[in-house]
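Construct the complete structure from the given sequences, taking the supplied hints into account.
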Amino acid sequence: MNTYFAGEYDVAVIGAGHAGIEAALAAARLGCKTAVFTINMDAVGNCPCNPSIGGTAKGHLVREIDALGGEMGKTADKCFLQSRMLNRGKGPAVHSLRAQIDRRKYSDTMKHILELQSNLELRQAEITDIKRTENGYELTTRMLAVFSCKTVIIATGTYLGGRIFVGEVSYESGPDGIFPATALGKSLKDLGLPLRRFKTGTPARMLRSSIDFSELEVQKGDEPPCPFSYETDDLGENKVDCHISWTNEKTKQVILENIHRSPLYAGKIEGVGPRYCPSFEDKIMRFRDKPRHQLFIEPCGLDTEEMYLQGMSSSLPEEVQLKFYRTIKGLEHCVMMRPAYAIEYDCVDPLAMLPTLEFKELPGLFGAGQFNGSSGYEEAAAQGLIAGINAAFKVQGKKPFVLTRDTSYIGTLIDDLVTKGANEPYRMMTSRSEYRLVLRQDNADERLTPLGYEIGLISEERYKRFLEKQALKKAELKRLKATVISPTDELNNILVSRETSPVTTGVRLIELIRRPQLDYEALSAVDRDRPKLDRNIFEQVEIEVKYEGYIQKQTKQVEQMQRLEAKLLPSNFDYTQIAGLRLEAQEKLNRIKPLNIGQASRISGVSPADISVLLIWLAQNK
Amino acid sequence: MNKSTVAAISTAQGEGGIGVIRISGDKALEIADKIFISPSNKKPSQMKGYTAAFGRVVDDEGAVDEAVLLVFRAPHSYTGEDVAELSCHGGIYLTKRVLRAALQAGASPAEPGEFTKRAFLNGKIDLTEAESVIDLITAKSKSAARAALCVKEGAVRKKINLVKENLLTVTAHLSAWADYPEEDIAEVTDDMIFEPCSKAKAVLENLLSTYDSGQAVKRGIDTVIAGKPNVGKSTLMNLLSGCEKSIVTDIPGTTRDIVEETVLAGDVILRLSDTAGLRDTQDAVEKIGVDKAKKRLEQCSLLLAVFDNSRELDEEDKKLIKTASDLPCIAVINKTDLPNSADISYISDNISNIVYISASNGDGRNELISAIEKLAGTTGLNPSEGILSNERQRLAVSNALGSITEALSALSSGMTYDAVTVSLEDAISELMELTGEKTSDEVIDRVFHNFCVGK
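Chains W and V supply the protein sequences, listed in that same order.
Quick note: the first sequence, position 416, residue 415 per numbering that gives the first Met the number 0, numbers continuous.
Quick note: the second sequence, position 299, residue 298 per numbering that gives the first Met the number 0, numbers continuous.
Treat the hints with care, as some may be off.
[What the hints assert, rightly or not] Quick list of in silico lysine to aspartate or glutamate cross-link-like pairs, EDC-like style, CA-CA up to 20 Å:
(1) K419/W to E436/V
(2) K437/V to D415/W
(3) K289/W to D183/V
(4) K32/W to E133/W
(5) K289/W to E436/V
Because the hints were derived from the structure by calculation, they are not lab data.
Shown next, in the form of structure tokens:
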């Protein structure tokens with residue numbers, strides 16, 4: 000068949016999901032001639048699973064993407080339906096923002112942003128072949144167009160070799176009934192990429208009018224709702240409610256009677272699924288004693304009657320699904336609009352990549368998102384952004400951009416992927432970061448916006464706003480230190496009512512704020528000269544004062560690690576030459592080729608004894 | 000990594016029945032081939048691991064000594080490398096000559112601690128085990144050896160691991176609770192953190208509290224024998240040490256300098272100093288001795304204040320009693336073989352521990368030893384329960400304890416759990432550094448700094 004030459008790009012992105020979007024936007028905004036290929040023009044920025052963005056740790060990622068100049072936070076704000084700050088009572092380190100979003104609107108908004116972006120071409124095409132050339136890669140589409148690309152970012156999500164399972168039924172498909180990418184996988188294998196199968200799943204969507212909400216617990220958004228983006232000033236009001244229901248003994252009974260019809264339990268699915276996001280039948284089988292499980296009923300948008308059942312994904316046959324969904328309070332007469340399904344797909348072993356998300360053996364080829372073994376929109380977007388920046392930098396001959404663990408959840412996510420690998424779809428969690436109190440969602444701008452500005456993704460104007468905010472924050476901290484509050488009855492009444500000890504002498508405002516029982520709100524009556532500031536500034540100052548000691552503690556740990564990160568390892572070295580290393584360590588080090596001792600110490604299978612061997616070896620070879 | 004093969008004398012240097020020269024490294028057996036000849040002509044490099052052969056050690060000048068060769072094959076050896084051990088006749092001359100033969104044949108001299116360092120680097124032992132090796136080598140008493148062995152076999156490690164596991168359970172629960180706010184995971188309550196932390200705290204406190212008595216067992220207690228001239232201090236010292244160290248005469252002022260000796264009193268090592276008698280003196284030389292003794296008194300961990308049963312207490316005795324009342328002290332009433340003239344009740348009013356002895360005929364020695372053991376806190380000490388063996392371990396435990404205490408106080412002052420978690424994770428990381436599960440570049444250097452050649 001006759002192919003035709005269709006053009007040249009600096010950066011080509013395969014896939015226009017959450018990873019592909021950020022990758023393409025970053026590359027184009029950094030001045031590269033960029034193309035992003037989507038298998039279906041109506042599936043750009045699709046949310047095939049939950050109609051929400053953010054959540055624990057994922058909210059951090061969105062904030063960080065925004066602080067670096069990415070798009071996800073801004074678009075989520077534009078499409079928000081309801082917003083909640085999770086973990087409010089559990090401390091600032093684990094506060095996480097989550098927004099219910101209008102999924103169609105989100106997709107349309109993102110598509111439009113891509114369309115309007117200069118240097119960027121959005122094309123509907125299935126990439127069927129990728130070949131290495133002298134100057135990069137050559138992509139061929141189903142329609143036989145050939146593109147010559149300096150760099151390529153693979154962001155194929157669950158489309159690559161996608162296969163859907165619903166009970167005994169199984170067929171090749173991408174998510175939401177869109178056709179899969181069937182040919183590209185072979186071509187990637189020919190390039191030598193280590194591909195493997197993962198699986199994930201999604202619950203059914205129900206018709207709103209078929210659900211009886213009258214007896215269900217309502218879950219409302221925060222008032223006022225909090226935006227993701229530092230550029231969004233006002234979100235307006237929450238637009239929808241979510242509802243909570245519970246499964247029961249009858250639900251469990253249906254599952255137990257039909258478990259043999261699950262493709263997973265019948266051994267038909269070979270892909271590895273996420274432990275932390277199990278299908279409902281998995282939850283029943285693994286926690287048999289649990290009498291009930293919680294589920295959330297979430298609207299998919301303002302212009303649709305589809306309702307998402309969070310926590311209820313399944314790969315049981317459609318008839319069984321309907322049967323068990325209908326045992327649930329409120330869903331007794333539910334009408335199913337889309338059935339739940341499991342989807343299996345090809346992804347790569349991320350150990351084959353550098354922290355820039357470039358493949359070690361294939362310069363100029365990058366991976367991002369679910370293709371790299373992660374799960375979740377936010378994880379995907381974060382990787383897309385980093386891959387996009389690095390692809391652009393590569394084209395422009397600039398130094399790679401790597402975020403370290405102590406700067407961000409993004410850095411932690413990528414370091415985990417390329418250092419520890421992923422044996423199941425990787426989800427971000429706050430517990431994955433050892434520096435939680437430093438890497439808070441409220442200070443993402445402080446940590447990353449200067450970097451975003453340096454890269455060139457943060458505008459002059461926004462950077463100026465950021466600097467102003469920092470100055471105000473600094474001034475407020477100074478004011479807290481300088482202001483002395485007299486020991487009036489008014490103050491002591493406040494102190495006593497908050498169950499903290501009264502004072503007999505004047506006390507600095509900062510000391511009062513430091514007390515766990517007190518906050519800005521409590522002290523507003525006695526703090527008369529308080530300036531009018533953005534609530535985020537007050538919040539951040541309060542956190543920094545209250546948690547000062549702990550933040551210092553983590554900062555010290557950061558410094559300790561930085562010492563190990565500063566000890567660089569050679570990029571091309573055969574570790575079998577170091578006899579003192581155990582065999583497993585030699586093998587792992589050769590495979591992962593860590594950039595420094597710090598990264599080496601996080602490889603599973605490399606023991607502290609191996610690290611000391613490396614330290615001594617480094618010292619001897621200086 | 001230094002791939003060289005190293006050799007050293009592994010037994011104590013000095014006269015002994017037997018001396019062991021250890022060669023470790025890739026070329027250990029190759030080197031042994033060159034310097035060891037067995038009657039059967041079977042080469043060491045042909046021998047299997049865990050086998051022995053009798054033969055002769057030779058160097059350029061010919062046969063050096065008869066020796067038994069033990070062959071260990073990697074990784075089944077102390078260092079995890081190929082090891083040849085030559086047991087020859089003892090004595091500095093012979094062992095050195097065998098070592099020289101090994102060095103001539105291509106081995107490099109082992110750095111202090113090299114064998115243990117290699118064992119550590121090859122993953123044969125962990126950090127606490129490595130440290131205990133040095134303790135084992137230098138162990139002065141039975142108890143000390145037992146304590147060192149316990150660390151090596153992981154008694155401290157077991158305790159630390161238990162604490163670590165407890166803390167990990169708490170932090171795991173805290174993480175799940177923070178990461179899954181909408182799953183119905185049990186709410187974390189203060190009690191769920193408080194209880195395991197309190198338990199962990201108790202274990203660590205116990206480890207710390209036995210550290211000092213552990214040190215008494217291991218390193219010994221600085222002990223000063225004091226008293227006015229001629230009450231029998233030197234005789235007492237000789238009684239404890241079992242040989243004539245101090246010059247014993249009945250001329251007051253004989254002991255002018257501080258005589259030091261390490262003796263074993265039961266399970267306790269005493270680093271004894273016999274001091275010049277405390278008295279006002281015009282003799283310039285003796286005066287220096289007296290001043291030194293006074294200074295020594297202020298620094299000691301145990302004072303044995305000696306009084307003469309047969310003489311009335313004078314001003315000097317009373318001065319000593321006054322000094323002694325502020326110090327950990329045992330009043331030793333000497334010369335019980337002579338009739339009593341001293342006012343014992345005056346002594347017992349000021350010093351609670353009193354022991355009666357006759358240093359010259361040995362009466363009361365056992366009573367004295369058990370009084371010392373009691374005061375050193377070693378009576379109830381069971382070394383096999385695991386004793387922290389050095390300052391590094393003590394510091395790590397003490398830091399971990401500090402972090403746990405901090406977590407508990409954060410909890411009670413109403414701080415949020417994310418702050419509490421920071422302290423708990425800090426504690427866990429300290430404990431992991433102690434057991435060598437976590438690396439920081441300083442630890443390794445700190446540990447291996449102290450090792451002696453040989454082991």
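Legend entry - Pair hint K437/V and D415/W, alpha-carbon separation not exceeding 20 Å: Roughly 18 Å between the alpha carbons, so the hint for K437/V and D415/W holds.
Inset, instruction - Assess, step by step, whether the Cα of K289/W is no farther than 20 Å from the Cα of E436/V, and give holds or violated. - result: violated (36 Å)
Inset, instruction - Compare the distance between the alpha carbons of K32/W and E133/W with 20 Å, and conclude whether the hinted pair is satisfied. - result: holds (19 Å)
Inset, instruction - Decide if the proposed pair is consistent with the structure: K289/W and D183/V, CA atoms, cutoff 20 Å inclusive. - result: holds (11 Å)
Inset, instruction - Quickly compare the C-alpha distance for K419/W and E436/V to 20 Å and report which way the hint goes. - result: holds (17 Å)
Checked against the numbered hints above, the structure violates only hint 5.
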